[in-house]
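**Student:** Below are the chains, spelled out letter by letter.
Number of protein chains: 4
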Amino acid sequence: MIKVSIYGASGYAGGEILRILLSHPKVTIQQVTSRKFSGQLVSQVHPNLRKKTDLIFSHPDQLKKCDLLFVALPNGESMKYMTNLKTFAKKIIDLGADYRLREQAVFENWYKQKHLNPEMLEKFVYGIVELHRQEIKKTSYVAGPGCEATVSILSLYPLIKHNLIEGKIIIDAKMSSSQAGLKPSFSSHHPERSGVVRSYMPSGHRHTAEIIQELSPFANDLDVAISATALDMVRGLLVTIHTVPKNGITEKEVWKAYRTEYANEPFIRIVKERQGLYRFPEPKILQGTNFCDIGFEMDTVSKRLVVIGAIDNLVKGTAGQAVQAMNLMYGFPEETGLEFPGLHPI
Amino acid sequence: MIKVSIYGASGYAGGEILRILLSHPKVTIQQVTSRKFSGQLVSQVHPNLRKKTDLIFSHPDQLKKCDLLFVALPNGESMKYMTNLKTFAKKIIDLGADYRLREQAVFENWYKQKHLNPEMLEKFVYGIVELHRQEIKKTSYVAGPGCEATVSILSLYPLIKHNLIEGKIIIDAKMSSSQAGLKPSFSSHHPERSGVVRSYMPSGHRHTAEIIQELSPFANDLDVAISATALDMVRGLLVTIHTVPKNGITEKEVWKAYRTEYANEPFIRIVKERQGLYRFPEPKILQGTNFCDIGFEMDTVSKRLVVIGAIDNLVKGTAGQAVQAMNLMYGFPEETGLEFPGLHPI
Amino acid sequence: MIKVSIYGASGYAGGEILRILLSHPKVTIQQVTSRKFSGQLVSQVHPNLRKKTDLIFSHPDQLKKCDLLFVALPNGESMKYMTNLKTFAKKIIDLGADYRLREQAVFENWYKQKHLNPEMLEKFVYGIVELHRQEIKKTSYVAGPGCEATVSILSLYPLIKHNLIEGKIIIDAKMSSSQAGLKPSFSSHHPERSGVVRSYMPSGHRHTAEIIQELSPFANDLDVAISATALDMVRGLLVTIHTVPKNGITEKEVWKAYRTEYANEPFIRIVKERQGLYRFPEPKILQGTNFCDIGFEMDTVSKRLVVIGAIDNLVKGTAGQAVQAMNLMYGFPEETGLEFPGLHPI
Amino acid sequence: MIKVSIYGASGYAGGEILRILLSHPKVTIQQVTSRKFSGQLVSQVHPNLRKKTDLIFSHPDQLKKCDLLFVALPNGESMKYMTNLKTFAKKIIDLGADYRLREQAVFENWYKQKHLNPEMLEKFVYGIVELHRQEIKKTSYVAGPGCEATVSILSLYPLIKHNLIEGKIIIDAKMSSSQAGLKPSFSSHHPERSGVVRSYMPSGHRHTAEIIQELSPFANDLDVAISATALDMVRGLLVTIHTVPKNGITEKEVWKAYRTEYANEPFIRIVKERQGLYRFPEPKILQGTNFCDIGFEMDTVSKRLVVIGAIDNLVKGTAGQAVQAMNLMYGFPEETGLEFPGLHPI
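Quick note, the sequences are listed as chains A, B, C and D, same order. Using my numbering, you'd call the opening residue of the first sequence number 234 and step up by one each time. Using my numbering, you'd call the opening residue of the second sequence number 234 and step up by one each time. Using my numbering, you'd call the opening residue of the third sequence number 234 and step up by one each time. Using my numbering, you'd call the opening residue of the fourth sequence number 234 and step up by one each time.
Excised from the complex, chain A in its bound form (with noise of 0.2 Å):
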């Protein structure tokens, strides 16, 4: 058993962390920390844990030597605390952006700040399991990677590195709320936020930053654009990516790619089917669960592999993706804690 604390349990990540260790047969949950909750059972915040915990949130001044700490603070927070943070435990994991990137360089021209913790960027290995298996086994500091930037990588990885596209990769994402966390404002104002198809950002997204890291180890001049969308949904992530395949390559040359990467993986599986109403990736029913769901067509029209990658944006996004790390770093089982099927119909 190891003892694990979450520091920042009172947000949507961390409740998450929080639900699925809570059925982890490893793992004791010293303390989870709130700032504003402090001294007030969980389950007020989380209502979903009722019967399930007893836990009382803890200042995060009173936070005790543990194990591994969870840390699911706001972008630009986590920075600030580190150095300090790292004295608790000898293994953390932290969910925001400051850590995702390795150039500090990168990270202040995306995120428009300064990094206040440059010297510690190096010490961590982004956390997408599937691509860095042996370094997180080895590793004492993982950064959570973004969901969106999960997704992408997942679908884009097998293609990438097998060299079966060329050209730009158009990354069209459909996103849902509570990506955006628990704060209020007027554009999560229900009346105003209920049946979009918003298009809060054609250009721009800042976890292209993220993609492009990881997949140009494998490929020259990746040029990489995400247009997001979100819709009237709470959880959920579904990417449909329009990239150009090479020329001469064939649906079972994208096949192989994926079978090669991702046949043993615990939790990817290719979607793509001849019939039924769930012939491709859909987030709806992969709501509670880490998995990744991946599928593609090949566009005989147009010359095009479009490709759809489908998570919870705050499971296989976020928390999920976050303990199957620590499982790796533990030894434990990699599905331990996170077997949940999902629901079907939801």
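Treat the hints with care, since some could be wrong.
As the list claims (entries may be wrong) - Here are the simulated lysine-lysine pairs, DSS-like style, with alpha carbons at most 27 Å apart:
hint, chain 1, residue 1, chain 2, residue 2
1, A, 485, B, 284
2, B, 284, A, 370
3, B, 416, D, 416
4, B, 479, B, 536
5, C, 416, C, 313
6, D, 269, B, 416
Unchecked claim - Selected chain B positions facing chain A (Cβ under 7 Å, derived; list incomplete):
hint, residue
7, 252
8, 277
9, 280
10, 281
11, 284
12, 411
13, 468
14, 502
15, 509
16, 521
17, 574
18, 576
19, 577
20, 578
21, 579
Read the hints as simulated data drawn from the structure, not as lab findings. We put the CB at the ideal spot given by N, CA and C, even for glycine.
Fit chains B, C and D to the known structure of chain A by using the hints.
**Tutor:** For chains B, C and D alone, kept in the frame of chain A given last:
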């Protein structure tokens, strides 16, 4: 390990039983049958089960002997086959309406059809564990209650048993679309069904008969009325029950009644808080769980005790409750396989 | 042509009045005020009005004289300004709660605040046209009714006037998010508000006072109780009203009461059909319309008359009803500007 | 006043035409036909029209002569009847796909069926008013464009005409459920259709043919690809179009192209704002309107011009556009009957 089969596993109820049993440590699934999908992968019908099972649907005629058989057929079907089915399994849990009502005449009155197997009626125990735990432990035949009846009975039982209310009991039920099963119709057609607040049954709901049957032992001349409204949700069921407290009854006595009956119930939570958004039961955070959440409020202006109950109609209202009964029948811990806490946000 | 201004035009109610008046052939919009958006284009706040108007918000301090002034402020605000506002306009229609209740004590009891302008209370006519048509024609001051009160009063009025029901009247109200206005809060935050069936007010709804005030002249000792549940919809309001018919009352007599009172009402439709999906009132097809649809069913098992009423809370429940009153006050045809039939499907 | 009939008026398109024409001051509706609902009240099928019309469906065989006939049949049907139908009306507007493509071979290639009435193909004018205003004024036969084609063509036309883009044009279309018509199927079954982000057609959308036909006169070798994703909405259509600007093209030139083509168009709005939630086109506020909203953003990281277009698929995408064409054909002001501004919030 017991060997379990599901007779009629392509529907929503059968699919949920299968989902739950796939992670049940004491169960081996022997067969799942479907006339229509015989020979096909289960995951083509239940796409959430991809990578979770390689099961293939068997034709009902190929049913083999097993320890326990779940029967998940449309109302009016299982009574046609029961005489035969019981030669295949020592224990049977039937999820349809055919064996819920002990009196043949009551069944025929509410369902407007002749009962084809009345001699078996008295062998079935009505499957609400919280009311019939001891009988279920000993029986071989359980009739799974209707979802609307389940949440109504559980919400009302302590009040009636403790003699706290009088007069008419009005159940205003808010229903979801999965309750009607997987057969498409114009009433389930998305452009017509989306966004509705549809008074589809202002009176005459057949679950009334179950409620009266179960609560009558504790009260004379029960007067129960249901009005059912369909909402734009797939899973979930909330009842707002308008009752009249007897003279002088206080909130404290109501609390006491619920605590007396339910303090040790693993799947019932009394939800009644002073603050927060989830002060009362809310079906959206119950999706996938076996909880029945119950709350109440004394109306100080009009003399009224408003009781609010919520469940996931496919879990506590159908498949989860059935597995809970199975656990009892075999002496497994009652929560086995039913631990999922639900998601927030969702 | 009359000159009309809207005082407080950036909210949802003010925006709807503006939308309706922009196509009203007898009205010139003189000013629309907003403290916060003063100087900005109206269409930046109400994006549906792009290309429909070039109006710019005026600061409230720049209000000029006009023929009629709509006041659309949060509850408790208009009574602060009314003495001043009536120097600017011959006629005023106030949409808030401040002038709906004729008795100061009743207002103060339900709204838990002192009334700041009690001397004006008796000057205001309660603005349900169907009950107060003659008074509205003659008055200079109209108080726009609450949305929940509007649909409840209209649904119940014929039954009570014709002496058809007795005992407790239970209004189970299904509410939408626009009713709470445009101020974001955690309770309106999309991840928390989406998908809810939220019992936010099982008892104690303040519109009870309006209902009792308006129906008391026709009945002794009215016992009215409201339970309000918030749903995942932006517009629309449905009430399921559970009443007890007096002994011997038949469906025919109920029909007769509704026909007697409403046969000539342009905005009331009795919706009670034998077949089809829209047999009873359904708020989704009322979006944007000024209709109040009313239906009913006799419960033949439990002695009950279930009445179902539906409106668009922002139109018949607020802005449309106010324009209907304005039409009466100026002798315009009552339907003017309110002809939109609603959409199907939607 | 012209006498208009609708042939096939029980579907969603026919219902919308009827809704619009009922408030059109220059039109008398002579007949609305339906084989299935012949003899029944129109309002039983289109419940929004209760109290708006007493029309009864005629059987198609009872069709009488009229001035203009709208034909709203499923694809492949109107070409069976056209030879006969044109003996009944001087002018015909056909809403199906049968007469949209001028080349018989192109039709047969995309629709995988033989054209039964190819000799009429050249008589029909493609009904996008903004591109074919002069021809529509003079023609007797208009083919109503597909909804997806309409918004795509309108979004792209100025860019292509002004020679601003090059290379592949990728249309990522977000679709609603009403597009599939009123026939229930498992894919439209609420539990399966609710909440989806369904990649139902990653390539091969038949509207591609219309887009190429209409834009080819302005460009060589158009390379157009559509990927269509179905969302959980009933009405509305948004396209995110990923294009590559020619070298050196500036945002200013894009603005100029749109202004040049559309500044005087009554139903096109360029929506591109610096702030606010509705900075770009948003289909939810277009419900019921005939607007096509178009916006764009230059991607400064990846060389891209992202164009966003939104319509109500049943109005500007079908019925409204058809009435707009009718207005032109008879010299009525183009906006007549199409003034509804849309609702906010909704």
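**Student:** Are there hints from earlier that the structure breaks, and if so, what are their numbers?
**Tutor:** none
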